[in-house]
Amino acid sequence: MRNKKKRVLIVDDEPDVTLVLKQVLDENGFDADSYDDPRLALNNFKANMYDLLLLDIKMPDINGLDLYQEMRKIDDKVKVCFLTASEMFYEKFRKEESYSKFDKELFIAKPIENEELLDHLNKVINNSK
Amino acid sequence: MSSEADNTSSTRTTEVLYGADNTTDKLLQVFNKIKSNFDACGDSTAPSVCMGFEPLRNAYLDFKRRGINVRFITEMNASNISYCKELMKISELRHLDGIKGNFGICDQKEFVAAATIKEQQAVPQLIYSNVKEIIEQQEFIFESFWTRAIPAKQRIREMEDATEPEFYEVISDHEKASQVLVDLAKSVKKEAFFLLPNDKSMVRIDRLGVIDYLIKAAQKDSIGSIRIICPISEVNSEIIKKVTENAPNIIILNGNNSPYGMYIVDNQRAFRAELKEPEAETFSEAIGFSVYSTRRNTVDFFKSVFELLWNERKLNEDLKKAATEVIQNPHRILELFINMIKLANQEILLVLPTTNAFLREDRVGIIKLLNDAAMERNLIVRIVTPTNEIIEKRIQRILVSEGKEVEEERGELLAVQEEREERKRKNFDVRRIDITTSPSEKIAVTTVTILVADKKESLVIEKIDDSTENFVEAAGLATYSNSKPTVMSYVSIFEILWNQAELYLHIKEAHEKLKVQDRMQKEFINVAAHELRTPIQPILGLLGLLRSKKDDINKQDLNISLNLLMRNAQRLKRLSEDILDVTKIESQSLKLNKELINLNDVILNAIQDSRNQVAKNRGNIKMVYKPDLSGHGIIVEADRNRLNQVIYNLLSNAIKFTEKEGGIVSIRTEKKKTRDNDDEVIVSVKDSGPGISSEMFPRLFEKFASKSFQGTGLGLFISKNIVEAHGGKIWGENNIRNENSHIANHGEDIEEKGGGRGACFYFTLPIANEQLEPKERKGPNAEAVAVDDL
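Protein chains in written order, with this note's numbering: chain G, 1 to 129; chain P, 1001 to 1790.
Simulated from the structure, these hints should not be mistaken for laboratory data.
Mixed in with the good hints there might be a few duds.
As the list claims (entries may be wrong) - Simulated DEER-style distance windows between Cβ atoms: (1) P:I1553 to G:E113: 18 to 26 Å; (2) G:F102 to P:E1523: 21 to 29 Å; (3) G:A47 to P:K1515: 56 to 64 Å; (4) G:D76 to P:K1393: 48 to 56 Å; (5) G:E113 to P:L1580: 25 to 33 Å; (6) P:S1693 to G:F102: 51 to 59 Å.
To be verified - Straight line, CA to CA, 27 Å or less: simulated DSSO-like cross-link-like pairs of lysine-lysine: (7) G:K22 to P:K1555; (8) P:K1186 to P:K1241; (9) G:K77 to G:K46; (10) P:K1508 to P:K1484; (11) P:K1573 to P:K1660; (12) G:K104 to P:K1522; (13) G:K73 to G:K104; (14) P:K1549 to G:K22; (15) P:K1508 to P:K1393; (16) G:K58 to G:K4; (17) G:K58 to P:K1573; (18) G:K5 to P:K1573; (19) G:K5 to P:K1515; (20) G:K22 to P:K1573; (21) P:K1109 to P:K1190; (22) P:K1522 to P:K1573; (23) G:K123 to P:K1549; (24) G:K6 to P:K1720; (25) P:K1368 to P:K1455; (26) P:K1515 to G:K58; (27) G:K22 to P:K1508; (28) P:K1549 to G:K4; (29) P:K1522 to G:K58; (30) G:K6 to G:K58; (31) P:K1522 to P:K1342; (32) G:K123 to G:K104; (33) P:K1626 to P:K1656; (34) G:K58 to P:K1216; (35) P:K1393 to P:K1591; (36) P:K1660 to P:K1626; (37) P:K1573 to G:K6; (38) P:K1456 to P:K1368; (39) P:K1153 to P:K1026.
C-beta atoms are modelled at their ideal positions from N, C-alpha and C, and glycine is treated no differently.
With these hints in hand, go ahead and build the complete structure from the sequences.
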């Protein structure tokens, strides 16, 4: 084993999206868990379980950003990537003060092809180490 | 009798009789003998003796009966006028001023005379004569009096006019002229018109006391009008001040210098004096010849000259007054402001330069005054002002509630209130000019307050300090004008601003509408983009995976993968169709291919389509169809595909929100009459799901209203537009368990296994009253109740 597999948590309210993304990551050297219910994901979340959170933004009940804030309270080292199909949200986040700390690189526009997604995730995981 | 009289006259005697009885007897004796003429003359007491002393009175009345010609001369005055009027009935009466002596001549034969007489009493001493010479002398005297005397009627007219006898007198004695003027001024009862030749002339007549007499006259209650035309200058300003202070009812107009002074009093006497020495100190030194007259013609002429001059001067004065006046005293400005509003009787126009100006004017009560003017005096009040939140609130309060409280207290009827509100709407109008969005305050909005009352007066107030709350502190110079060109130019400035404000309002509204539309459009694009992108992600991801391991896929995985791909591709298809429909609806290019169709067929097709959805869910949802049984199949004129789309959409929503196990979705049709007595069908689709949340309710038929993350959120929006394009209506309700609901829970005996009360969607369609060709009738007949257990 060269490296320990990077653990990724996928949360998206679209079951087909989580299903496919989990497969893609699992088959490409990641160890991924997926939830299509963000509340359930939060309830099951524990510190040091994941290296990276791959979160949808527009979800019922709790949006991706709030979910991330909650999870950071539990694990203050976990990294994040937001995967969103919404332009409006994407632009809005960067404008708002509270989210200005998020780097532009942390936002991924949906839909994205597998290679591109994997590159992006690797970059984010390796970046701040 | 007559022969006896003849005998008496033939004996020529002159005698004196004493004692009332004797004189009376004698007089009556003489009077009785008169056959044709009696000429009498007496002082002002005589009429009372003739007509007031009974025996003589009877004798005089007897003259009339006997047809005796009586001529009578006396001095008629106020105290004997009633006797004179009686005398006039039996005699030809004439008046002669200051007549003395009492005598009478009978038939040119006998003469009687009384030295002294007393009112209503018998003559104490009588002279009698029938001596021819004496009679002839007396006859001559009588005739000469007679010709000088004036007819009684004329005298009466003079007396009734209270006029002195007319005269026209040229006075060369300046002292006398002065006295005439003083007497005139003293005698003023009703009116006095004075034309003074120069400014100093007022000083001169004041020195004579004339002005003081006029003031005294003006202070009497009975006074009519006192008018003076006089050149006004420093020389006479003190006197004018005295007049205006003590007798403000004396009107003084500024006049030009003239070569004479003219004084007309009580429409009876006129006095005119040439001005010889304009700078002289006294009246008598200043004048040349003068004329004093009571002649009607003269007085009338002088008066008309005065009136002409007066009107000309007045016009001049008004024109001068019409010139613009600059006011510096801010208290006076405020007073004028308020007065103009209070005195206006048709219309008030007001332009306010800033929001602070509005607040300042409100603080001093001007807005309230304007409101009163509109409501109590029925004036039209129009205001152009910039506004802010506070002012808008204030305006709203004026427009809605002010005055209402009073009504409520009085308990006035609703109709009265409505009338007041109508009046308010009609009379009180405010338009806004928003300076904050104007490119430049200086250009866009006037920097002054403009008030125009009745299109006759204008008041324009500069502001020197807009920051203060105090009107008086903020006011700078003000210009008042009642000159027509000036006022009308302010009116047109007002109208321009008024129209501009309206235009601005329209533009602002249009702009707001566009902004909303633009925002909604952007939002639609965002959501649509999100919805379109989302299904692509699993397709893209899965295809990538499949490609990388295409030789190493087991059958089961492939099947799952294909299903997932299909699902998402179908979702994309649905979305793209829906978005295309929305675009068509919004660009108003949704076309319907209407034909006569059997509603039953369409519903059955839609049920068939939605079966697939239920099957996919792998649930156990019961679907029930209850068609209207009141007649043959329901025929509607509609676009078959679009109608199918609506019904499928409602069914599919119902299925989506109904629990998979034991849920019931039912659809029914029911014929109804509309209010206009047209036939319509109500199609209702009911589910047993959780019902519509109160949060969703108002947005049900909006785009992307759906909370379902599986749907496009466009279905109900599209359905609503399709139904409305067919002339129908669509709405949704939550089911209520009791029987009073709009259409009580579909099936009387359907158990609500799901527990939730569920929702029901209704739509109506007009029923076409035509019959279909028999071959068009297909599908189950009307009696069929299709129940699908799935």
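To see whether the hints hold, each was checked on the structure:
The hinted window of 18 to 26 Å between I1553 of chain P and E113 of chain G holds, with their beta carbons roughly 19 Å apart. At roughly 23 Å, the beta carbons of F102 of chain G and E1523 of chain P sit within the given window of 21 to 29 Å. Taken as a hint, the range 56 to 64 Å is violated for the pair A47 of chain G and K1515 of chain P, whose Cβ atoms sit roughly 47 Å apart. In this structure the hint that D76 of chain G and K1393 of chain P lie 48 to 56 Å apart at CB holds, the actual value being about 50 Å.
For E113 of chain G and L1580 of chain P, the hinted distance range of 25 to 33 Å is satisfied, since their beta carbons lie about 27 Å from each other. For the pair S1693 of chain P and F102 of chain G, the beta carbons lie near 33 Å from each other, so the given range of 51 to 59 Å is not met. With a C-alpha separation of about 20 Å, the suggested pair K22 of chain G and K1555 of chain P falls inside the 27 Å cut-off, and the hint holds. For the suggested pair K1186 of chain P and K1241 of chain P, the alpha carbons sit about 21 Å apart, so the restraint of at most 27 Å is met.
In summary, the hint linking K77 of chain G to K46 of chain G is supported, as the alpha carbons are separated by about 12 Å, within the 27 Å threshold. A C-alpha spacing of about 35 Å is found between K1508 of chain P and K1484 of chain P, which places the hinted pair above 27 Å, so the restraint is violated. For the proposed pair K1573 of chain P and K1660 of chain P, the alpha carbon gap of about 25 Å is at most 27 Å, so the pair holds. Note on K104 of chain G and K1522 of chain P: the hinted pairing holds, with a Cα-Cα distance of about 23 Å set against a maximum of 27 Å.
About 22 Å separates the Cα atoms of K73 of chain G and K104 of chain G, which keeps this hinted pair within 27 Å; it holds. Pair hint K1549 of chain P plus K22 of chain G holds up; C-alpha atoms about 16 Å apart against a cutoff of 27 Å. Restraint check for K1508 of chain P and K1393 of chain P: the C-alpha separation of about 19 Å stays at or below 27 Å, so the hint holds. At roughly 32 Å between alpha-carbon atoms, K58 of chain G and K4 of chain G are farther apart than 27 Å, so this suggested pair is violated.
A threshold of 27 Å between alpha carbons decides the hint, and for K58 of chain G with K1573 of chain P the separation of about 22 Å falls inside it, so the pair holds. For the suggested pair K5 of chain G and K1573 of chain P, the alpha carbons sit about 38 Å apart, so the restraint of at most 27 Å is broken. For a cut-off of 27 Å, the pair hint linking K5 of chain G to K1515 of chain P is broken: about 51 Å separates their Cα positions. For the given pair, K22 of chain G sits about 25 Å from K1573 of chain P by alpha-carbon distance, which is consistent with the 27 Å threshold.
A hinted pair counts as satisfied when its Cα atoms are at most 27 Å apart, and K1109 of chain P with K1190 of chain P does not qualify at roughly 53 Å. The hinted pair formed by K1522 of chain P and K1573 of chain P meets the criterion: a straight-line CA distance of about 22 Å does not exceed 27 Å. The suggested pairing of K123 of chain G with K1549 of chain P holds, with an alpha-carbon distance near 25 Å, which does not exceed 27 Å. Annotation: proposed proximity of K6 of chain G to K1720 of chain P is violated, straight-line Cα distance about 50 Å (limit 27 Å).
Distance restraint check for K1368 of chain P and K1455 of chain P: the Cα-Cα separation of roughly 21 Å lies within the 27 Å cut-off, and the hinted pair is therefore satisfied. Simply put, K1515 of chain P and K58 of chain G have alpha-carbon atoms about 25 Å apart, close enough for the 27 Å limit, and the pair holds. Restraint check for K22 of chain G and K1508 of chain P: not satisfied, since their Cα atoms lie roughly 52 Å apart, outside the 27 Å limit. For the given pair, K1549 of chain P sits about 24 Å from K4 of chain G by alpha-carbon distance, which is consistent with the 27 Å threshold.
A C-alpha spacing of about 17 Å is found between K1522 of chain P and K58 of chain G, which places the hinted pair at or below 27 Å, so the restraint holds. With a C-alpha separation of about 25 Å, the suggested pair K6 of chain G and K58 of chain G falls inside the 27 Å cut-off, and the hint holds. The suggested pairing of K1522 of chain P with K1342 of chain P is violated, with an alpha-carbon distance near 54 Å, which exceeds 27 Å. The straight-line distance between the Cα atoms of K123 of chain G and K104 of chain G is roughly 13 Å, inside the 27 Å bound, and the hint therefore holds.
A hinted pair counts as satisfied when its Cα atoms are at most 27 Å apart, and K1626 of chain P with K1656 of chain P qualifies at roughly 21 Å. Of the supplied pair hints, the one linking K58 of chain G and K1216 of chain P is violated, its CA atoms being roughly 98 Å apart against a limit of 27 Å. Restraint check: the Cα-Cα separation between K1393 of chain P and K1591 of chain P comes to about 47 Å, which exceeds 27 Å; the hinted pair is violated. Proposed proximity of K1660 of chain P and K1626 of chain P is supported: the alpha carbons are some 22 Å apart, at most 27 Å.
Of the pairs offered as hints, the one joining K1573 of chain P and K6 of chain G is violated, with about 37 Å between alpha carbons and a cut-off of 27 Å exceeded. The straight-line distance between the Cα atoms of K1456 of chain P and K1368 of chain P is roughly 22 Å, inside the 27 Å bound, and the hint therefore holds. Only pairs whose Cα atoms come within 27 Å are accepted, and K1153 of chain P paired with K1026 of chain P is rejected, the gap being roughly 32 Å.
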